[in-house]
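J.: Residue numbers (my numbering), protein chains in the order written: chain A, 1 to 156; chain B, 1001 to 1763.
These are calculated hints, taken from the structure and not from any lab test.
Treat the hints with care, as some may be off.
If you anchor each label on the Cβ, the simulated ranges turn out as follows [as the list claims (entries may be wrong)]: (1) B:L1763 with A:A129: 19 to 29 Å; (2) B:D1087 with A:K10: 28 to 38 Å; (3) B:T1237 with A:A70: 20 to 30 Å; (4) A:A129 with B:S1274: 50 to 60 Å; (5) A:A129 with B:D1181: 39 to 49 Å; (6) A:A129 with B:G1261: 55 to 65 Å; (7) B:K1378 with A:A129: 51 to 61 Å; (8) A:Q126 with B:P1224: 29 to 39 Å.
For clarity, every value in this text was computed on a predicted model and none was experimentally measured.
Yeah, the Cβ is synthetic: ideal placement off N, Cα and C, and Gly gets one too.
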Amino acid sequence: MALSLKVNGKTVAPEVDPTTPLLYVLRDSLGLKGPRFGCGLGQCGACTVLLDGQATRSCQVPVGTIQGHAVTTLEGLGTPESPHPLQQAFIDAQAAQCGYCSNGMIMTAKAFLDKNPHPSEAQVRQALAGNLCRCGTHMRIMKAVLGAASGQGASA
Amino acid sequence: MSDPQVTRRQLLAGAGMAAGGLVVGFALGRVLNGAAPPATVAGAATPAASAAATGSATAAATAIPAVVATGTPPASQIDAWLSIGRDGGVTVYSGKVELGTGIETALSQVVAEELDLAVGRVAMIMGDTTETPNQGYTAGSLTLQSTVPILRNAAAATRQILMGLASSYLGVPAAQLTLKDGVVTGGGKQVGYGQLVGGGGLYQEIPAHVPVKDYHTYTVVGTPVPRVDIPGKMTGTFTYMQDVKVAGMLHGRVVRPAGVGATLKTIDPTSVGSLPGLVKVVRLGNFVGVVAQEEWQAIQAAQTLQVTWNLVHALPAEADLYKDLTSEKTVDKVEVNDGDVDAALKAAAKTLSATYTWPYQAHASIGPSCAIADVGKKAATVWSSTQGVYPLRDALAGLIGLPPDGVRVIYVEGAGCYGHNGFDDVAADAALLSQAVGKPVRVQWMRGDEFIWEPKGPAMQHQLRGAVSASGAVAAWDFQSWTPTHSTRPSGMPGNLLAGQLIVPPAPPAKNGFVGGDRNAPVNYTFSPRRVTIHWLPSSPLRPSALRSLGGAANTFANESFMDELAAAAGADPIAFRLRHLHDARAAAVIQAVAKLAGWQSRPSPAPGKPGQGRGIAFTRYENTLAYVATVAEVAVDTSTGAIRLLHVYVAHDCGQVVNPDGLRNQIEGNAIQSASRAVKEQVTFNRDQVTSVDWATYPILTFLEVPQVDVVLLDHPDQPVWGAGEIATEPTAAAIANAVFDATGARVRSVPLTADRVKAAL
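Take these sequences, add in the hints, and give me the full structure.
T.: Structure (structure tokens):
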């Protein structure tokens, strides 16, 4: 069955079983690489996208339930040539090692900063508490998010 | 050339080299490439170059091989390691791979430095059995240590070649030439690297002694060059293994046994017969898998397939784990024995004895392992995040019945692995499924597959005894550990792959011997008498393999906790006590540096009044001969619950010459946080059949609410060799935290993880 979604501003109509989690539609049908499979259980945050602006675990959302809604992925924020200020802050802070969790960190932080543009460090920790990083890059991720919030970027 | 693996880069017979050295070789390379060599152009202007070109043409007539073989050049040649393209860009061929630790950038810096190129002009091909040298595994913090000298020499030799060629081409003595940004300049003229050797063969041997740059002149090495992979990773354009797509690719999932050692009792393929997209149910002995058109279809088929298993209860009761370790028959090895330890213990005024335990721990990669295999009747290609493309290639070849040179393994970076997790096994899964359906198959493990089936960092136990003299010095030291091997890597043997163990008959496992459990078992302190005994366990209930720092983490936890116990028994400040027993200026320097960074106040532990907040130190030297690290942890302990709050971790680090200080800091910070997580939270649980740590709820790691602040000080020695830094900062953290808990409360916790229950019980 054909579904209609708006992904990164474009209307798409993937031919998939409507029970398929959004994550697989984004990755396999639409070829996006930002949202990542980490657990399939909604525990780690690697698959996070913005669904109508809300940070959402795409592994937990059957695609048939979000007909007509707007999905933004990491690719929808910016590009290597023209990164979003938050992506730039992560680059400036060198806030990654393997980078597999970065999608979830950036997308969660994006939704958070949209509502809380001037957070404290404690608020950033709380906002990212459900996103796991195994490489131990937490300090740099917080620096990046706080740097983006201050509007000045973070320096490595 | 008699070596069957001659050259992928249109290189030529050894006769060419014998005939005339660099310029001839270069010209021959150009002839083979079918491009007009710039030396010929230069020949019109300069007699020197003209003569060289003539000589080369003569040699070419006899030296062009009839067939140019493919394969990697001998590792003794420059072109095994790097080539220069027509555009002047350098390609580096590295058998070591980027695991998310930043080595791609660091190795690029080393090459860029010697060749006076921008880092962005250096591209890396990492881990491809048809392209890169066989450097074994990317492991043991060895990448920079082993590869920097090779690449530095190869690049420096290339620099000499470029100078020689440019001298001929420009008609300017080499001493008057300068290299900058890929251009050689001299006598008011210039020529690009690409013009000189672009696309040609740097097939010369790397000389044993080649002049390299004086570190005082470095402009790239030692600077915080931003990592080349991070912009792509932050914007969704980077291709991880999990993102690779191959034309015609199907999706597979493996249905794992319900328990360790379980055998297949029944399988009902009709249970998935009506599922859309199903291509095949594959059964090879106890190896069961499904292949489907789409990934989600494969996941559903694997979940739906009706399978029953004969359980054999292969695992011990979890509560008996350490009893089982120490009651097993072991292979004992005495690593150090430099005096009569037993007599010294008997004679000493004050003796201590302590038992420490370390649990099974998981690599717990954020991204479950993934691979794609395309297995044909005569050849196979496998895309994998393996740490060793060659050892995996040989193991896969045995599994699927192809000769090793019929299998190409191409490394693609995956999620951070921190050692031997499921990536080799998933490649075997993909290979068997691909062979069964005759099409390329992608397999990604589910979260539970990874936690249950990845090899584990093994459980260990230690028994330490020691004594302090009346003057407060260590008077005896007796270390015993119980450990299995810490490596069951593929080693070319299909039986070391999970799938190889499940097929019938199972493939024989490799005998990897006893590896890694003895790492940092001896301490670097100078007291005596000392005895260090390793009781090697011939088997392990859960499959053991390399997890960051191997036995070094548990051994350093035991050693550095016990040093703290002896310091307390001597009534000494823990840092002063360590320094008293160290006679190595660089060791003392890291301890003094971390003490300064942490604002350490000299006094014995525990802190007066046991205020519930404290600090602890631990020190180690990687493999006793390499990088030095000292860590101070500050903790707060809730004495009503025993819960530890990690306040701050300070690390002082000396790994010789620093290539990229920011990349190094990133590694050290990551080691500190990951090892803190292992120290206070992580333990693989199991029942009599199976691992019961199956997800992030049952194997929790530190979250943003729990991670400590980490501060790092680097002790750079630009005049010294580069030592690896991939895992050393993992070793001291657990002891530093346990020592801080003791300082805060007077309670000694000797088992990792330092859970609230354990701390409370010790209070």
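J.: Indicate, hint by hint, whether the structure satisfies it.
T.: Verification of the hints:
1. B:L1763 with A:A129: 19 to 29 Å: 28 Å, holds
2. B:D1087 with A:K10: 28 to 38 Å: 35 Å, holds
3. B:T1237 with A:A70: 20 to 30 Å: Holds - the Cβ-Cβ distance for T1237 of chain B and A70 of chain A, about 22 Å, lies within 20 to 30 Å.
4. A:A129 with B:S1274: 50 to 60 Å: 42 Å, violated
5. A:A129 with B:D1181: 39 to 49 Å: 47 Å, holds
6. A:A129 with B:G1261: 55 to 65 Å: 39 Å, violated
7. B:K1378 with A:A129: 51 to 61 Å: 53 Å, holds
8. A:Q126 with B:P1224: 29 to 39 Å: 30 Å, holds
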